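Asker: Listed in order, the protein sequences are those of chains A and B.
Going by this note's numbering, the first residue of the first sequence is number 1, and it counts up by one from there.
Going by this note's numbering, the first residue of the second sequence is number 1, and it counts up by one from there.
Mixed in with the good hints, there may be bad ones.
[Stated by the list, open to error] Below, a list of computed lysine-lysine pairs in the DSSO-like style, where the Cα atoms sit at most 27 Å apart:
1) A:196 <-> B:201
2) B:205 <-> A:14
3) B:201 <-> A:3
[As the list claims (entries may be wrong)] Some chain A residues judged to face chain B by a derived CB distance under 10 Å, without partners named:
4) 69
5) 76
6) 77
7) 84
8) 110
What the hints contain is simulated information worked out from the structure, not anything from laboratory work.
Remember, predicted model here, so these are calculated numbers, not experimental data.
Where a beta carbon is used, it is the ideal one built from N, C-alpha and C, also for glycine.
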Amino acid sequence: MKKIFSYTEGLTSKTMHYCPGCTHGIIHRMVAESIVELGLRERTVGVAPVGCAVLAYEYFNFDMFEAAHGRAPALATGAKRARPDLILFTYQGDGDLASIGMGEIIHAANRGEKITVIFVNNAVYGMTGGQMAPTTMPGQVTTTTPRGRDPKEIGYPVRMAELIATLTTPAFVARVSTHSPKEIIKAKDVIRQAFKYQADGRCFSFVEALSICPTNWGLSVREAEKWLQREMLPYYPLGIFKRPEDFKEDWKHGGH
Amino acid sequence: MAKKLMKGNEAIGEAAIRAGCLHFFGYPITPQSEIPEYLARRLPEVGGCYTQAESEVAASNMIYGAAGVGMKVLTTSSSPGISLMQEAISYIAACELPVVLVNIIRSGPGLGGILPAQSDYLQATKGGGHGDYKLIVLAPASVQEAVDLVILAFQLAEKYLNPVMIIGDGMIGQMMEPVEFPIEGVGPPLDPGNWALTGCKGRPKRIINSLYLDPIQCNEINLKLKAKYEKIIANEQRWETYRLDQPYDVLVCAFGMMARICRTAIDELAQEGINVGLFRPISVWPFPYDACYQAIEKAKRVVCIEMNMGQMLEDIKLAARGSREIDFYGTAGGVVLSPDECKEKILQSLEKTQRGGKSKARGKK
């Protein structure tokens, strides 16, 4: 019988700690499979964040760092510049990347570091117990926005993919979602493209993955998938915002 | 090898290359900006990589990454920038990675000023960041010694897998002196050993991490670090003494450039027939307590002179074990004591010994 599917070599057999219904496990698998399919496992070094995915270093089956909160892109910058032959990626949540690590991500993107960033946006702080994130939706109730996020008081959610796509340097910027099998198949393809660009020597690639958090949203998995579609998708449109092919190297004339 | 006239900051940059360091990450700040400027020019010439980070926070995490993949790496900054690096320093120490940091100290607290000071002594030697960790901290008193200690710093970082910090004041960074480099060309690369993240080809995956949620395991990690620090304490104390071979009533304790200024004062006093001893720690962590005590024991009184409000003073008191009165004189804000002022302070201490202000130990007899 022909084997058509097996557990990826890119993940260890360690049982993941994620809550039931959480999509971190799926995103881990898509990252691991992409790296294995591209033949990069033995020269990949991943950087885990602080947040729900803090233990990602236990799950990925290749060399892993654990970074300080928000600093993964700086750490990956140092590692990649010291060893350009390695494949470097960071795996970060919305508190890590879009709040405390905003400075590090923007500048790593703008320098065009030859790294891949996987950004998981579930509109809430997960590990610390459901506080407001920079990506929390207007009106969304969290433990620190008990009356719902009020944009008049605390501003609107940050659209990281669009923000990074405004920069001239980054090569590949995309947003995918994980709310349905169809979207997950598309997401996998985009994540694989991001790693392929790095392997081809292209600079900075960034994939934002919309994710559900049934535990902290206080919803069942089905309800959470619907909430993501209804509340998040109109504000966080899916798509590829930037490709290396769009980039014309005209820095001598002042950029574009 | 011919001597070359070089500015302290540039000599420090060149010394790192001679030590085999080809990677630098940093952020401009006075009075150390000549180090990144020098390396931005020089590193590409020797096949290295210079990167200007967006902040000291980022620079310090970049060296975490570069050391983690097994490369010799340097960052340099000055006081406010070093404060921003404390987070990463704690992680790097916890992960046992070999990095070298240089702090060309300017006056504080807060934004302070841009002139020389020694007011980051406690931050460097007693922690600075969170958790139980130690840096090896070396304090040069000349441009030549800064060169030698930078090279030593890379060796010690690799030997103990521990961050090493050079603390110099703004004077060391800014002044020009003749220097000789003991190594020609670019020194050897780091041995990546069995810890560096080099890709898991032909071996199980490796993890560089400082998270230990299991309290027993976290305790064990702390005990392992403590055992390493005890080894460093046993093996790596360095100091210099001056004029201890003749009887002295007063011992001066000073480090870095302040010790050099005191030495001039001591020479002038010697010409006047007054012998004064000098004890200068070179490794301020591990602090040479026993050697310092031996020097203190022969004196009636000790004077500690620093460009701060009394930081190494705490270590001198520990070294003295309550056996002597210790006078302190210090300036801050970039005010540098002249040899004449040091002389005056030394003479004041001497006068106290003659007025019958004997040491505590002798007073009890």
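Asker: If you check each hint against the structure, which ones fail?
Answerer: none
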